[in-house]
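Q: Sequence:
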Amino acid sequence: MAKGPVLHPLFKAYHQGQAMLLPPSLDELIAVNHSVRVVDEVLGKIDILPLSRQYKTGGAGSYHPGMLSKVLV
Numbered sequence: 001m002a003k004g005p006v007l008h009p010l011f012k013a014y015h016q017g018q019a020m021l022l023p024p025s026l027d028e029l030i031a032v033n034h035s036v037r038v039v040d041e042v043l044g045k046i047d048i049l050p051l052s053r054q055y056k057t058g059g060a061g062s063y064h065p066g067m068l069s070k071v072l073v
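Numbering (the numbering used here), first residue to last: 1 to 73.
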């Protein structure tokens, strides 16, 4: 087992609800009953910890695996 500090992968910031200049919020562009909201909710409940552990530490930040899974679906 390795000795010393445990390093964790560094992900780029992933704030789905953050305000933007244009449009002010992505929620304003997506209809309340759109199917993408179901995909977002379902994928948001999946445990991605095993996937996160596969990321290497150091170097430039990576995109968050939760965001990438939603892009793929």
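I should point out that these hints are in silico values taken from the structure, not numbers from a laboratory.
The reader is advised that the hints may include incorrect statements.
Unchecked claim - Within a straight-line C-alpha distance of at most 20 angstroms, the following computed DMTMM-like cross-link-like pairs (lysine to aspartate or glutamate) qualify:
#1 Lys56 x Glu28
#2 Lys12 x Asp47
#3 Lys70 x Asp40
#4 Lys70 x Glu41
#5 Lys70 x Asp47
#6 Lys70 x Glu28
As the list claims (entries may be wrong) - Between beta-carbon pairs, the in silico distance windows are:
#7 Ala60 x Glu28: 17 to 23 angstroms
#8 Gly44 x Leu7: 22 to 28 angstroms
#9 Ala31 x Leu72: 37 to 43 angstroms
#10 Val36 x Leu7: 20 to 26 angstroms
#11 Lys56 x Val36: 26 to 32 angstroms
Virtual Cβ for every residue (Gly too), placed ideally from N, Cα, C.
Q: Hint by hint, note whether the structure agrees.
A: Against the structure, the hints come out as follows:
1. Only pairs whose Cα atoms come within 20 angstroms are accepted, and Lys56 paired with Glu28 is rejected, the gap being roughly 36 angstroms.
2. Between Lys12 and Asp47 the alpha-carbon distance is near 19 angstroms, which keeps this suggested pair within the 20 angstroms criterion.
3. Proximity of Lys70 to Asp40 is assessed by CA-CA distance (about 7 angstroms); at most 20 angstroms being required, the pair is judged to hold.
4. For the suggested pair Lys70 and Glu41, the alpha carbons sit about 10 angstroms apart, so the restraint of at most 20 angstroms is met.
5. Distance hint between Lys70 and Asp47 is fulfilled; the C-alpha atoms sit about 13 angstroms from each other, no more than 20 angstroms.
6. Taking the CA atoms of Lys70 and Glu28, the gap is about 19 angstroms. The hint holds against a cut of 20 angstroms.
7. For Ala60 paired with Glu28, a C-beta distance near 32 angstroms fails the hint of 17 to 23 angstroms.
8. Separated by about 26 angstroms at the C-beta atoms, Gly44 and Leu7 satisfy the suggested range of 22 to 28 angstroms.
9. A hinted range of 37 to 43 angstroms is violated for the C-beta pair Ala31 and Leu72, which are about 22 angstroms apart.
10. For Val36 and Leu7, the Cβ-Cβ distance of about 35 angstroms falls outside the hinted range of 20 to 26 angstroms, so the restraint is violated.
11. At about 31 angstroms, the CB distance of Lys56 to Val36 agrees with the hint of 26 to 32 angstroms.
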